[in-house]
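Visitor: Let the hints inform the model, and build the full structure from the sequences given.
Quick note, the sequences are listed as chains B and L, same order. With the first letter of the first sequence counted as 1, position 83 gets the number 89 in this note's numbering; the numbers rise by one all the way through. With the first letter of the second sequence counted as 1, position 83 gets the number 85 in this note's numbering; the numbers rise by one all the way through.
Heads up, a few of these hints could be off.
[What the hints assert, rightly or not] The calculated lysine-lysine pairs, modelled on BS3-like cross-linking and capped at a C-alpha distance of 25 Å, are: (1) LYS44/L <-> LYS85/L; (2) LYS44/L <-> LYS80/L; (3) LYS48/B <-> LYS85/L; (4) LYS73/B <-> LYS80/L; (5) LYS44/L <-> LYS99/B; (6) LYS85/L <-> LYS62/B; (7) LYS76/B <-> LYS44/L; (8) LYS80/L <-> LYS8/B; (9) LYS76/B <-> LYS48/B; (10) LYS73/B <-> LYS62/B; (11) LYS99/B <-> LYS73/B.
[As the list claims (entries may be wrong)] Partial pick of chain B residues on the chain L-facing surface, computed with a CB cut under 10 Å: (12) GLN12; (13) TYR42; (14) GLY49; (15) GLU51; (16) LEU52; (17) PHE67; (18) ALA96; (19) ILE105; (20) ARG110; (21) GLY111.
The set of hints was computed from the structure by calculation and includes no laboratory data. All C-beta atoms, glycine included, are put in the ideal place defined by N, C-alpha and C.
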Amino acid sequence: QKEVEQDPGPLSVPEGAIVSLNCTYSNSAFQYFMWYRQYSRKGPELLMYTYSSGNKEDGRFTAQVDKSSKYISLFIRDSQPSDSATYLCAMRKSGGSYIPTFGRGTSLIVHP
Amino acid sequence: EPEVTQTPSHQVTQMGQEVILRCVPISNHLYFYWYRQILGQKVEFLVSFYNNEISEKSEIFDDQFSVERPDGSNFTLKIRSTKLEDSAMYFCASSEAGLDIQYFGAGTRLSVL
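Guide: Below, the structure is given as C-alpha cells:
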C-alpha cells in the first residue's frame with residue numbers, strides 16, 4: 007500500500023459547484039497535513055496547512071482531517087475556472103524527518 | 003511578496019552531460035530543498051540543506067547528484083552525467099526553519115536527449 011493515495015482524476019465540475027478532493031494515507035505518524043495547488047508547468051503553491059484532526063477554513067477553501075480514518079479532504083466552495091489546477095495533498099510526521107510525502111495530485115477542471 | 007526563483011526555466015542537454023540547476027531561495031530562509039517531478043508522477047524529495055551541509059537525502063540522490071551554496075544567495079543542484087530518466091521538473095524550495103512551511107519555485111524543466 008502506498009503511503010499517500012490520491013485519485014489523479016480528472017475531476018470536471020461546472021462553475022459554482024462545491025468540489026471535494028481527498029487523500030488517504032497509511033502512516034499513522036503523519037501529524038501535519040497540507041494542500042498545494044499546482045498550475046500547469048508551475049511549482050506547488052501552499053493553500054492550506056493543518057495540524058492533527060479537525061477543520062480549517064480559509065475563504066472558499068476548507069481542509070478537513072480525520073486521523074481515525076486516515077483521510078483528509080479539501081473542499082472548494084463556489085468553484086471558479088481559475089481553480090482549474092492539480093491539487094496535491096502532502097503530509098509529514100511531527101518528529102524526525104520533516105520532509106513531506108506527497109500524493110500524486112488530482113487534476114481539477116472547472117468549466118464555465 | 004518574496005519568492006523562490008529558479009533558472010533556467012527549461013534546460014535541454016545531451017545524455018552524459020553535466021547540468022547545473024540554479025535557485026535563489028527566499029532571503030531570510032535557512033533551509034533549502036530540491037524535489038523532482040517526473041511528468042504525470044508525484045513530487046519526490048531529493049535533498050535538504052542546512053548550515054552548508056546536507057541534512058537529509060533520499061535514495062534518488064545518488065553520487066551523480068550534488069548540491070552547493072556557492073554564495074549567500076544561490077543554491078545549486080548539479081547532475082554530473084545526465085541520464086534519460088533524469089528528465090523531469092526540478093523544484094527548489096526553502097523554509098525559515100526545518101519544521102516550517104516550504105515555499106516552492108516555479109521549477110526547471112530538464113530534458114535529457
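Visitor: Going through the earlier hints one by one, which of them does the structure break, listed in rising order?
Guide: Of the numbered hints, 4, 6, 8, 9, 17 do not hold.
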